[in-house]
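Sequence lines, in order, name chains E and A.
All you need for this note's numbering is the position in the first sequence, starting with 1, plus 46.
All you need for this note's numbering is the position in the second sequence, starting with 1, plus 201.
Take these hints with a grain of salt, some might be off.
[To be verified] To give an idea of the interface, some chain E residues facing chain A are shown, with a C-beta separation under 7 Å as derived from the structure:
{"hint": "1", "residue": "L84"}
{"hint": "2", "residue": "V208"}
{"hint": "3", "residue": "G218"}
{"hint": "4", "residue": "G220"}
{"hint": "5", "residue": "L225"}
{"hint": "6", "residue": "L226"}
{"hint": "7", "residue": "L235"}
{"hint": "8", "residue": "L246"}
{"hint": "9", "residue": "L249"}
{"hint": "10", "residue": "G250"}
{"hint": "11", "residue": "A276"}
{"hint": "12", "residue": "L281"}
[Stated by the list, open to error] Which chain E residues stay away from chain A? Per the calculated CB distances, all over 12 Å, these:
{"hint": "13", "residue": "P59"}
{"hint": "14", "residue": "V93"}
{"hint": "15", "residue": "V118"}
{"hint": "16", "residue": "L168"}
{"hint": "17", "residue": "P233"}
{"hint": "18", "residue": "E282"}
It should be emphasised that the hints constitute simulated quantities derived from the structure, not laboratory data.
Heads up, the beta-carbon is just placed ideally off N, CA and C, and yes, glycines get one too.
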Amino acid sequence: MNQPMTQIASATPSVFSALGSVIRRDILLAARRKSDVLTTLFFFVIVVTLFPLGIGPEMSVLRNIAPGVLWVAALLATMLSLNRLFAADYADGTLEQMAISSVPLGVLVAGKVIAHWLLSGLPLALLAPILGLQFDLAPQQLWVLAIALAIGTPVLSLVGAVGAALTLGVRGGGVLVSLLVLPLYIPVLIFGAGAVEADLTGLGASAHLSLLAAFLAVTAFFGPWATTVALRISLE
Amino acid sequence: MSNQVINFFKFSSPQAFYPLAGKMVPWFAALAAILGITALYIGFFIAPTDAQQGEGYRIIFVHVGVSWMSMLIYVVMAMWAAIGLGFNTRLSNMMASALAPTGAMFAFLSLCTGALWGKPMWGTWWVWDARLTSELILFFLYIGFIALQSAIDDPRRADKAGAVLAIVGVINVPIIYFSVQWWNTLHQGSSVSLTKSPSMAATMLLGMLLMALCFWMYSIAVALKRLRVIILERERHTAWVAALPEVKS
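All chains, please: the whole structure from these sequences, using the hints.
Shown next as structure tokens:
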């Protein structure tokens with residue numbers, strides 16, 4: 047009686063090992079083609095650098111626009127990297143195999159989103175304080191900026207995954223995904239940039255960070271599920 | 202009783218609903234015209250001049266109704282999309298597609314009338330206030346929905362993808378509604394409240410409600426008309442469409 051049970055258990059991997067292997071696979075794939083990840087990061091750096099050149103080098107102005115500029119650049123960089131999330135797996139049929147595997151598709155999607163965040167959101171959050179120095183932000187605001195980005199960018203990956211799944215294989219998908227996803231990013235932008243601004247004006251950033259964390263909790267719950275539904279529609 | 206239920210479900214088929222929609226359109230259009238003329242008459246000639254805002258406030262009669270409709274239509278659209286996604290009924294998805302352009306138009310009109318009202322009252326066309334911004338986001342959501350549906354050639358996939366987007370976007374509508382409480386800014390608080398007695402003259406309220414009803418009727422008429430066109434387009438290969446007198450001629 048016990049013997050067949052263990053066999054079944056070994057045939058279908060546990061949810062957590064599946065999650066871990068999807069994350070490892072996506073990171074390994076990205077490590078083999080570093081240019082994809084690095085291009086997004088340099089896009090972020092270049093966009094942020096353009097703003098002082100366009101607006102002028104007055105530090106007082108730059109300090110005020112820094113949170114917004116960094117957040118908008120992070121939004122655009124995340125959006126550009128969304129294409130990477132499913133397109134290659136869709137093209138070579140891996141996604142269909144994932145959809146029919148014994149592990150729930152939602153788990154595999156969650157793994158892919160986590161890997162996407164580790165490769166795009168986390169580097170942005172780590173890089174942002176260095177760019178913030180160019181905008182003359184104080185050390186405390188640099189901390190708030192990094193924390194806000196660390197909480198906010200997973201939301202961007204989770205919401206963006208829905209848009210990426212909906213536009214799989216659709217003509218003009220790259221431009222379309224920005225039209226679908228950017229409006230949904232606006233609350234994250236408001237509270238993410240607001241956190242740094244609130245700290246600049248001495249209000250304290252905890253309220254904004256709590257709201258960002260609330261967004262993260264809600265999207266972490268619904269995001270993978272909505273992405274799964276969207277993927278199944280695209281794979282029909 | 203069971204007989205009635207069967208009658209209702211009969212109309213979830215495009216073939217059965219097409220003639221019914223055709224009969225309903227003129228009635229709703231006529232109601233919209235009557236209500237609209239009455240509301241405009243009240244708005245322009247009967248409602249008193251506002252003590253603080255002068256004659257400029259009269260755009261409220263259009264602005265409020267238009268803003269209500271832009272939000273309501275998104276919720277109704279998401280509801281039809283959810284029904285279509287859940288029960289796989291073609292007509293519900295067509296209804297969602299038919300509502301989207303009307304909703305987008307109302308959101309655009311809401312922004313335009315708001316700007317026209319804002320210029321004399323606040324001295325500026327646009328304020329980065331939460332409610333205005335949310336209305337703008339709502340407009341973007343409508344455009345995203347229409348763009349996604351028109352980018353996908355297969356109507357079944359377009360319906361379902363649009364439905365997922367509409368349901369995800371409907372989270373934005375409560376944010377619009379509660380934004381006044383969330384962020385305190387320049388925009389005046391809402392003047393119509395269910396809990397407090399309204400802070401405006403009864404005739405003003407009457408005009409505003411009549412105008413909102415007019416927009417309501419207009420939306421139903423236009424959505425049904427558009428639904429008929431969508432049904433014809435999607436069912437053009439069927440025998441019943443080929444047998445229709447307007448198609449034959």
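Hint check results:
| no. | hint | in the structure |
| --- | --- | --- |
| 1 | L84 | violated (30 Å) |
| 2 | V208 | holds (6 Å) |
| 3 | G218 | holds (6 Å) |
| 4 | G220 | violated (11 Å) |
| 5 | L225 | holds (5 Å) |
| 6 | L226 | holds (5 Å) |
| 7 | L235 | violated (11 Å) |
| 8 | L246 | violated (18 Å) |
| 9 | L249 | violated (13 Å) |
| 10 | G250 | violated (17 Å) |
| 11 | A276 | holds (5 Å) |
| 12 | L281 | violated (10 Å) |
| 13 | P59 | holds (28 Å) |
| 14 | V93 | holds (21 Å) |
| 15 | V118 | holds (14 Å) |
| 16 | L168 | holds (24 Å) |
| 17 | P233 | violated (7 Å) |
| 18 | E282 | violated (6 Å) |
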